[in-house]
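Colleague: Listed below are the residues making up each chain.
There are 2 protein chains.
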Amino acid sequence: MLKYQQTATEIEAYIEQHALQQGDKLPVLEQLIRQFQVSKTTMTKALELLERKGIIFQVRGSGIFVRKTNRKGYIKLFSTQGFKQNLVDHDIASNVLTFELIPCPDEIAQNVGSSPGEMVYYIKRIRYIDGNILCLEESYYRQAIVPYLNREIIEQSIFEYLETALGLNIGFSDMYMHVGKLTASIAGHLKLETGDPGLTIETVFHLTNGRPFDYSVITYHYEHSQFVVQANGLYL
Amino acid sequence: MLKYQQTATEIEAYIEQHALQQGDKLPVLEQLIRQFQVSKTTMTKALELLERKGIIFQVRGSGIFVRKTNRKGYIKLFSTQGFKQNLVDHDIASNVLTFELIPCPDEIAQNVGSSPGEMVYYIKRIRYIDGNILCLEESYYRQAIVPYLNREIIEQSIFEYLETALGLNIGFSDMYMHVGKLTASIAGHLKLETGDPGLTIETVFHLTNGRPFDYSVITYHYEHSQFVVQANGLYL
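If you read the protein sequences in the order shown, they are chains L and D.
In terms of the UniProt record's numbering, the first sequence opens at residue 1 and continues consecutively.
In terms of the UniProt record's numbering, the second sequence opens at residue 1 and continues consecutively.
One or more hints might be untrue.
[What the hints assert, rightly or not] Below, a list of computed lysine-lysine pairs in the BS3-like style, where the Cα atoms sit at most 27 Å apart:
(1) L:68 with L:3
(2) D:3 with D:72
(3) L:181 with D:3
(4) L:181 with L:76
(5) L:68 with D:40
(6) D:76 with L:3
(7) L:53 with D:76
(8) D:3 with L:45
(9) L:191 with D:72
(10) D:191 with L:76
(11) L:40 with D:3
(12) D:72 with D:53
(13) D:45 with L:45
(14) D:191 with D:53
(15) L:53 with L:68
(16) L:191 with L:181
(17) D:53 with L:45
(18) L:53 with D:191
(19) L:76 with D:53
(20) D:53 with L:3
(21) L:3 with L:40
(22) D:76 with L:68
(23) D:3 with D:45
(24) D:45 with L:3
(25) D:191 with L:181
(26) D:53 with L:53
(27) L:53 with D:68
(28) L:53 with D:181
(29) L:76 with D:76
(30) L:72 with L:40
(31) L:45 with D:40
Hints are computed from structural coordinates only; laboratory data are not their basis.
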């Protein structure tokens, strides 16, 4: 973790510890620099990161303010982190239904950027949140990039293993979302009825060097999932 | 529009004109600076903006590469732009069902950050994409911030009017998403059956100074909407 990322984490902790609310003002830049004992450059980068993450907003000539949603029980929807990191306030568990090393199916190959027949780890899991079924997840990891996985790892956080044990740098992701009626098979896994609503999110995860390494398809239990996105004005 | 934003727009146009694909390499930094005739600072900021928007990715020591999803027909899901700007490749139309100036309902007031009873413009519209029903939208604009709206404006792009005619600076937004079964009323508007699946997105839009000015609730027609998010590694 780089210095400015560390500083950003400390400021987040400060916001939590002081129970700051939406619109509360943070100390001015000079004071933050003194308080966290970093350079102006580091503090500026830390604040930019927090702004992109939707933790603060900065108003020129006015100050730095806290953003905080007051709704509870919403999952933060951004994808380059695994569930575990997104949902630190919740009890997340997994039940592994399938775990095998297989030649990549043709219809999957183009999504994960592999040659057809290239070996991939196929993992099918039910994920639970606070004891309720959250989703059914099917994912495909390219063995060329992720040489080894085992049951112990996949029952925990796969992404944490990729980063800490394999030293992979997880970069960007493309997410595709649609809503539809559940098939009998998926409904069965989620303990819902065929035809019930389901949100499906397909994600292609890339390393920072641009290589795709994981394709996952997640269907959420509509009664146990709701999402929040703290977007900012980057796109204007 | 600031200089670096202008440059970013020109680079996007360059990518389109040359029909560059996912993974294609852009010219090196020095060449981009010469080609677009801007300073190094401006070009660096333009590239950072494009990276945040998911248009490019930069690999240290290797180069600048294009990100481009090869799936067609997906709506880009980020919220601070209106539909019109997000969906330039599509024919977007609106049918205004209700347009009135009302005292803010109690259950809406806390979402839009207004006092109960404060006057708001309430607008209920059906939005169409390429001739199909895309969604039902209900939105509440605070008159204290948006003093005037009329039918002509709301049949077009409200956000464009807010920015260009009123000079408002639209900042960040909080989006809340959930999936459920359609009520009879909403299903009727979408020409679907009661109990069919629906994605509902509530959004609170803020000005850059942090003041909320618009609360909207959109329910999408599940057969006519699918979304793409090009996320990046900001959160790691």
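Colleague: Going through the numbered hints above, which ones does this structure break? Give me the numbers in ascending order.
Modeller: Numbers 2, 3, 5, 6, 9, 10, 14, 18, 28 and 30 - these are the hints that the structure violates, sorted from lowest upward.
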